[in-house]
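Novice: Taking the numbering used here, the leading residue of the sequence shown gets 1, the next gets one more, and so forth.
Each hint should be verified, as a subset may be incorrect.
Said to hold, decoys possible - In silico DSSO-like cross-links for lysine-lysine, where the CA-CA straight-line distance does not exceed 30 Å: (1) K55 - K94; (2) K60 - K20; (3) K20 - K94; (4) K94 - K60; (5) K55 - K20.
Rather than coming from a laboratory, the hints here were simulated on the basis of the structure. Because the structure is a prediction, the values reported are computed rather than measured.
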Amino acid sequence: MSRTRTPSILIVNDDGIHGKGLEALVAAVAGLGRLTVVVPERERSTAGHSLTLHKPLRLKPHHSPHLDGATVLTLSGTPADCARIGILHVLGGKADLLLSGINRGYNLGHDVHYSGTVAAAIEATINRVPAVAVSQGVGRREDYAPAARLARALAMAVLRRGLPPGLCLNANAPERSRGSRVLVTRLGMRTYDRTVTRRLDPRGHPYFWLAGRVLQDAPQPGTDIAAVRRGLASVSPVRLDATEDRFLGSLARWQLSLR
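With these hints in hand, go ahead and build the complete structure from the sequences.
Specialist: Now the structure itself:
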């Protein structure tokens, strides 16, 4: 990227146009480039990497006094839809950076497979745009200041240094910060008490709620989960190639055949 050219930064999220983290992110990166916001018109948390292929998508301009300095549009689709349409249509393939967030709540460990926030960053990576997903742990009150500082620091670093192809960053700021350090971590294994609740509607037909609370088991050292438990921010590189290279040899020894 030329040093004389103003960077083009695309901002997406999965909490939708009314997410408080969106306001914090736009304010945090003001002045770093031309800001374009393309976000779902409603909350699309845990949408994963779903794309809308079987119905039309509606893209609409949106004005908000809390998002001054950015061109803002809403989309009737998923976070991954927002990333793709934002990059390919709104910015004509000329995005220099995608920032996804700030998500309300952590995206740790294998949360990345469910998260719309992370999926938007992965979609950008597929489209060869450097991307960072940023999430904030929340408690009784929502304070996005730690994640906002983290997002700005990462945005500046990625604009300056770039990222390797096929790789994006997943960053989390702790609910209770105990220092300014940012730990480079691998993804941990976040354990949930998963439940499926079956109920009956007034006509006697069953319906279901999916739920699950995080179990506070001891996290492995060096993981994103361990970092936020210590009150420190974490950043983890996430790659598109999910191949487990260490198992390739063992799998080859199965000598599979269709005969």
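Novice: Does each hint hold? Answer for all of them.
Specialist: A quick look at each hint next to the structure:
1. For the given pair, K55 sits about 26 Å from K94 by alpha-carbon distance, which is consistent with the 30 Å threshold.
2. About 20 Å separates the Cα atoms of K60 and K20, which keeps this hinted pair within 30 Å; it holds.
3. Taken as a hint, the K20 and K94 pair is honoured in the structure, with Cα atoms around 27 Å apart against an allowance of 30 Å.
4. Restraint check: the Cα-Cα separation between K94 and K60 comes to about 20 Å, which is no more than 30 Å; the hinted pair holds.
5. Proximity of K55 to K20 is assessed by CA-CA distance (about 29 Å); at most 30 Å being required, the pair is judged to hold.
In the structure shown, no violation is registered for any of the earlier numbered hints.
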